[in-house]
Structures are given as C-alpha cells and as structure tokens.
Amino acid sequence: MIDPRFFTNVGPFTLGEIAERLGGTLSDGAPRDLMVTDLAMLDDARETEIAMFGDRRYRAAFANTKAGVVVTNRELAANPIGGDTHLIIVEKPRNALAEIAWLFYPKTEEALGFDDEGRAAALANGARVADTARVGRNTSIGARTVIGAGAVIGHGVIIGEDCVIGPSSTVGFAILGNRVQIYTNAVVGAQGFGFVPVAQGLRRVPQLGRTLIGDDVEIGANSAVDRGTIGDTIIGPGCAIDNLVQIGHNVRMGRSSIVCGQAGISGSVEIGNGVIIGGAGRVADHVKVGDGAQLGGGGGAIQDIEPGAIMAGLPAIPIRDWHRQSIGLARMFNRVKKKD
Amino acid sequence: MIDPRFFTNVGPFTLGEIAERLGGTLSDGAPRDLMVTDLAMLDDARETEIAMFGDRRYRAAFANTKAGVVVTNRELAANPIGGDTHLIIVEKPRNALAEIAWLFYPKTEEALGFDDEGRAAALANGARVADTARVGRNTSIGARTVIGAGAVIGHGVIIGEDCVIGPSSTVGFAILGNRVQIYTNAVVGAQGFGFVPVAQGLRRVPQLGRTLIGDDVEIGANSAVDRGTIGDTIIGPGCAIDNLVQIGHNVRMGRSSIVCGQAGISGSVEIGNGVIIGGAGRVADHVKVGDGAQLGGGGGAIQDIEPGAIMAGLPAIPIRDWHRQSIGLARMFNRVKKKD
Amino acid sequence: MIDPRFFTNVGPFTLGEIAERLGGTLSDGAPRDLMVTDLAMLDDARETEIAMFGDRRYRAAFANTKAGVVVTNRELAANPIGGDTHLIIVEKPRNALAEIAWLFYPKTEEALGFDDEGRAAALANGARVADTARVGRNTSIGARTVIGAGAVIGHGVIIGEDCVIGPSSTVGFAILGNRVQIYTNAVVGAQGFGFVPVAQGLRRVPQLGRTLIGDDVEIGANSAVDRGTIGDTIIGPGCAIDNLVQIGHNVRMGRSSIVCGQAGISGSVEIGNGVIIGGAGRVADHVKVGDGAQLGGGGGAIQDIEPGAIMAGLPAIPIRDWHRQSIGLARMFNRVKKKD
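From first to last, the protein sequence lines stand for chains Z, G and D. Letter 156 of the first sequence, counting from 1, is numbered 156 in the working numbering, and no numbers are missing. Letter 249 of the second sequence, counting from 1, is numbered 249 in the working numbering, and no numbers are missing. Letter 323 of the third sequence, counting from 1, is numbered 323 in the working numbering, and no numbers are missing.
It is worth saying that the hints were derived from the structure and are not from the lab. It is possible that part of the hints are untrue.
Where chains are identical, the list cannot tell them apart; a pair therefore holds if satisfied intra-copy or between any two copies.
Taking lysine to aspartate or glutamate pairs in the EDC-like style, the calculated list, with each CA pair at most 20 Å apart, reads [unchecked claim]:
1) K107 <-> D3
2) K107 <-> D215
3) K107 <-> E161
4) K107 <-> D162
5) K66 <-> E109
6) K92 <-> E117
7) K66 <-> E47
8) K107 <-> D321
9) K66 <-> D55
10) K66 <-> D33
11) K92 <-> E17
12) K107 <-> E270
13) K288 <-> D55
Build out the structure end to end from the sequences listed, making use of the hints.
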C-alpha cells in the first residue's frame, strides 16, 4: 500500500480495467470485476492489491505473496505461487508496473515549497523555522527542531525532536526520527531514477515510496537520498552519511553504518550494521553488504560482501588480494621497480 | 555569434586593436581597420567574426571556416584554409581567445536572482512560481510550468510548457523544451571550468555559450550542467540524467540517453542516442560515444566508444575483456581462489 | 585556540575536571587545579591549552608542543616530549578529544540563516545582497561583493571585495579574500565528517575549525569545502575548484592548483602549488601532493605524490606505468587485440 500521507490514489479500478490498460492476459478464473485498490510490493501486498513479479530473484516473495493480483510474464508465471492470487500476464512486467502506477497515481506533487501551512503547527510545537523556509501542509515537526533558511519540507513529512534541517535542503515523502541532522543542500526523498524502455525512448516509473530515517542520522551537504519506488528507502539509526553521497531508491541501511564522501549506493542495496563505505566507493544495485564489512575508497562492489570482509578495487575483491595484484602488476610491467 | 539574450557585447573592435591587445602578428594583407563584431566557433563564425584554431583536431573546421579572422599559432597556421580569412598569429591561441572574450564581454552576469521582473509574465502565461523563487527579466515561461521555492531563473531564459523546476535549483543562459524536469538543487547553465595558464597562475576563460535542453529531459537532484564556452551544451530530447551528475561545457547528447548517478561527462564530449553511462562512469573530454553504447558503473572512457559497444573499467575496455582481466588477475595473484 | 568569532567557549575547566570527565590518568606531578582555557592542535597550542596526540605521524609535533596539557595513550606517551607539558593518559585519545571538544563547545551553531543582522553593514560597505539571501551578525562583506538569492552567510564570516557568492550557496565559519567566486549551491565551511566509534555506535567529533580562502579562488556549483576540525581548511590564492568537488576538513592547498569536477580531497591532505587533480580523482586522507604534480581523472592517490609527478590509476602509480599495465594486461588476457 502506498502511503496516503504523501500520494493521492485515484483508484480503485477493476481487474478487467487494469488488464485491458496493460494489454495483458488474465489467468484462468480471474474475476474481471475484482476491485483492485492499490499497488504494493510482493511481500507487502494485501488481497485487494496488485504487485509485480519481474525478476527471478524475487520468486520466494512470489511464492508467499498475499497480493490479490500479480502482474508477471509467461515465463515467470511458471514459478510456484500459493493462495488465491490472480495473474495478469504481460510481456514486460516492469513496464506494466509503471503503467499501473500512473493509473492509480497520475499526479505526484514533488516537494516544491508552494505551501507553508505547516509553519504555525511547527512553531507551536517548539520548532524554529527560518522565514525563507517552507513547511508544507499536514506535517509534524518536533520540539527544538531547527529548519534553516530556504529549506523546503514537503507535505505530510514527519520530523522528530532536536533535528537540524540545513539551509536550502529539501525533505519530502519522508519520516525522520529524533536528533537527525540534514546538512546544507541535501535532498531527502528525491524522486529515484526509474525508467523503462519503450518504443519512443524512456518511460518514467513513478516513485511512490517513502524515505525513513532513524534517530541520530547525519546526512552531509549536497547529498541525495531517493525515496523508494514502492516501499521505502530506510536509513537506520546512527548512520553517518558524508557530503555528495547518493543513496538510491529502496536502499536499506542498518545501524551506525558510515558512507564517506561521494560514495554511491545504488537502488535496492542492503547494507548491514557498522558497515563502512569509503570515499567514492560504489555499491551496485541489489548488492548486499554484511554487518561490519568495509569497502575501500574508490572501490566498486558488484557482488555481495560477506559480513566483516574488507574489500577494495573495481570490481571489489578482498583488500589483501587487491594489494597483491597491485604489487604483482608493478613487478610485471613497470620499468622502475620500487623497493617496497 | 554569442547570444545577445544572455551576454552583452561591448564591441565591435578593429582587427588592429585586437591584434595589438593580443600582442599578435597579422597575416599578410590583413586590413587593420576591419571591424570585428563578435567571436564565434570556427564552424559557426561569419565574415565579421573572429574564431580560434588551437588544436589539430579541428583542422577540417579551419579549412572550411567562414570566419573573417582566425587567431592561431605559427605551426597550425600552415594548415590549409579557404576563402578570405585573415589570421592573427600568437603563441598561445587558447590564451588569446580568453583575452578576446574578455574584450568583447568584460562582464558576465551570473544567474544571481536579484531580478524578479519575469514573474508577472510567467504567471500571466499560466505558470506557477513560488514566492521565494526569482524569475529574471526577459524570460519566457510556458503554461503549467511550476517553479519551486528558492529556484532562480536567470535573465533571458526560455522554459517550455509543463516543466518542473525544483526548489533551490538555478537555470541560467538556457533554453528548455516542454515537460522538462529539473530537480532540487540542480544547476543548469553553470559557468564551465575553463582556465588558461598564465605567468601568475590561472586566467579565467569567460563562458559565453548556452545550455539547450530538449523536450522530456530530466535532470536529477544536485546535478550540474555547464553552459558552453562558445557554442552550446546540448541535452537531446528524452535524456534522463540522475542525481549528482556533472555535464561539462559543450557536451552534446542525443536522444533518450541515460546518465546514472554521480557520472561525469567532461567538456566537448559527444554522446549519441540511447546511450547508457553507468553510475560514477566518466567520459574524458572530446570523447565520442556512439549510439546505443554503454559504459559500466565506475568505468572511465578516454577513447571513443563505438556504437553499441559495452565497455567497463578504467581505462574503459570491452566489458568481456574487463571480466577476463579480472578473472585472470585473480588466478595469477590471489592466494584463495574462488571456484567461479 | 578556537576562533571566538565562530565558536563560543564555555570554559575554562581545571585539569582535574577534564581528567575525570575523560576517565584518564594524570602524569606525575600534574596540578589538578591548572586552569585549561581551550583546546588546540599540538603545534598551535599554548601553555593553558590542551592538545591531543593520537597518531605516531605527529610525534615531531608532540616533541615540540607548547601545550600545557596533552591527552594521549600509554604507548604514545613514551615518545619524547619537551618542556612543561602535562599528560592525561587515556585508552582512546581521539575519543577523548571529542569529549573535550563537547565540554568546551557544547553547542555549535551551524550557518542556518536565521539571522540577517549583517545585511545593513554589507550594503553600507557597497555590497549587493539579494532579498532572499541572509547575512549573519558580526560579518564583514567587502565592496562590490554580490550575494545571490537564497545564499546564507553565517555569523562572523569575513568576505573580501569583488566576490560573487552564488545563489543558494552557504558560507560559514570562513574568511574569504578578494575576487573569490563561490558558485550556485556550493557549501563553504560545512561540518566535516568526524566520528569516533563508541560502544553504542558513532560519536560526533565537533568541528571547531575554520575555512580560509585566498584571493581569486573559484569554487564550483554543488561543491563542498569542510571547515577544519581544529585548525583550518586552507585554499590558497588562485586555486580553481570545479563542480561537485568535495574538500575535507583540514585540507591545505597552495597557490593556483586545479581540482576538476567530482574530485575528492580527503581530510588533512596537503596539496602544493600548481597541482592538477583530474576529474573524479581522489586523494586519501593525510596524503601530500607535491608542487606541480598531476593526478589523472579517476585516479586514487593513497601515498604521497612527488613534486612534478604525473600519476594515474587506483592506486595511483606513474602514468607511464599505468599505460604499460593497461597494454600489458590487454596482451595477456584479451581475445581480440587491437593493433595500436
């Protein structure tokens, strides 16, 4: 279910309407007049909701989904599925999901700062709000939280106590804990980078998820944390994110992990507790980084990292191997060899 | 010719004045009293304009230029040139161009937001403009375009219909199509990074070009697209640019190409249609990337990429070779060898 | 000594109070009632001040310090020290320094733009200030300096003449020379990324230094320059810093050095004069880069770079060796070999 605090659902639609819109085929016995109320992820979806299964990696979620309807392709539909779920078979499930999202949510209002209806409540709550900041409607801002000049708080946002929202930063589609620090020009809840290829070029995938930020998190200057596509981007309590960092949609970070300057965490990455991502380190989409693991500066992880492992290089390998390769290559190819 | 919408030309100057200012030597028969009206690129320049030839790569443009005057050095002057072009011979043509630019355009007014004269016309046109945004004089903003809090639209800018200009973003020296989305804190039309070395250090090269953005382009949060030095930076229709991306001066991108988060496209790069540049991928200056080519995340292209090629690594090589190297190196140097 | 322009010291405290707060052991004969007035770096500290010695690399500074008190661990305390310095022995000196910083400076007021008390003086001085900009109290802004829309100048900041402070940029805890250009959305004086590990996760290290920027410096759009932790981040005159660059705390750059787009300079790096750091180049913390050295685009320096050296790759090696490795690897592993 998409959070109605942030997004306005123009549904429901019948299963028949949806299948027609997608040009899809219904599975046997699917009732065309079933009311579909919303979209959701496979593992969150309820009986009146529609989810998408477009990648084998998620076949366990497909097997256990409670979704009333799942859109998938013919090949993936052969995977086991339990319960009363009906299927819509299409050629390109990801494209179909984008169309379903546009159907239910034709208009997303980005955090644009037209609305300052939340200022009075924030002040009454004991927050401070600079005069050039804008606090949207239906927000909740905790006591002693400070919102700097030019900051924009989008509608529905919840911010805890003792937070600092830096000048010219923007927070939208987000729920923040206590003592969170968002520095200058940071963007929390930006629209993630989601497109599907279509005949004419690229089709936007609406981004209907949220950003959830735990207590005591810091997010550095000029960094960006995208909100989830469906479901949430989650930054666990005590995480420290440096300047110019990019955190993609649906990333999940545990507790007290560190992301150094200019690092990039791609979409759907899972980062454990106490992880350190070095400066300009990159983690490719869907990669899992185990508790206490480290990725050296400039390294690029394209496969999962075991808990406690220390990795470096592009592609990232164990740091000892990386050093061994560097030394070995120097011996093989370099004219002047250094003694150490 | 430099666009007078954005830049104020204090010329013309005579050829004699210019040669003297540069400490340059005129080619035989060059008329010192020729009125030079403006500067331009070799392939755009007209008979009353001056251009610069400072790099062998542009000798075809030199051979075909219609410029009335070209500033170059003795060595490059030996290249064939057609027509009635006069030459000014200097030691350092790039430095000379900077001086010519300063001569004609001593003062560039960056998009600073002092001026809100364009607001009334924008509103009359059916645009929405947040109260803390600033819309400069002589702008044109299309119907239903939304300009968020704290955004700054520089003088002369043209923005089409149904665009979204995010909070705290800045658009200057630019012409945007319809349905363009500029996200939070993005900077379109920033001054490119141009300097020439001089005895005392570095001398700024004025940036007198524009940024042209096609229909349906998206530019992500905290990204920067520099305007051209002379001539334009061009983002073709349907391109999608993610967060924290840098696009240098005079880059030209075709249709529906994708630039993922934190990637960097250096000055004068040419990117075709349907290209994908992965996260944190880099393309070095003047490199050409063919239609449908891909550069893997973190890769760095320092040579042209053929259409359809899939490249990875630094320097970028075909991705299969890159995988082969990674595996080969692991076999050679690593103590613990993985099975796959 | 911490600059009282920017930070408010709630001390002094006695040596006994401090040792107790840290759970530390005093060296023999240390007077518990000694008044400690402030904290400082080893090489700057005066007789009433406390400094920290936590890394062997700084043993020369320890030997020569004039600090009245130094906090260190048992092992490092064995290094030679001259004069009348008393020691507090703790397990983790860096953690102890954080606690001392919190003790003297319990509250840092970030540059948040609540305060516009400096506007009148700036205007009287001949500066221009956009209406949505904010200029804090006790600032000094030079003649003809222009402060764009939405910019925030923090309390105590000094800016010279003929500077341009771009829209939505923030300058705090900083002293700028003349003709400095800070572009759109840049952040000067951001809080550096300093944490120490504690049992419950991460503990913030207060950032109590400044950013000093010389004449004729340019800082590009969406870049961030952190202030010092204790002591200063220094950008020498004539340096040119491109877009989306990160400069860490306590970095020191000489004259006329260039940092290209998306490069990252980690904490405490020293960069000489006339250095060029290529696009997306990285310099690891505490590395020294000699005069006239160059680091190729995407390269990562993890060791000092000699003056005049030209380096590339990750880890950075001499560029000729890097080319040799690239060619050698292609010969060894790639199926299709290119002729050149």
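Index of numbered hints that the structure contradicts, given in increasing order: 5, 6, 8 and 12
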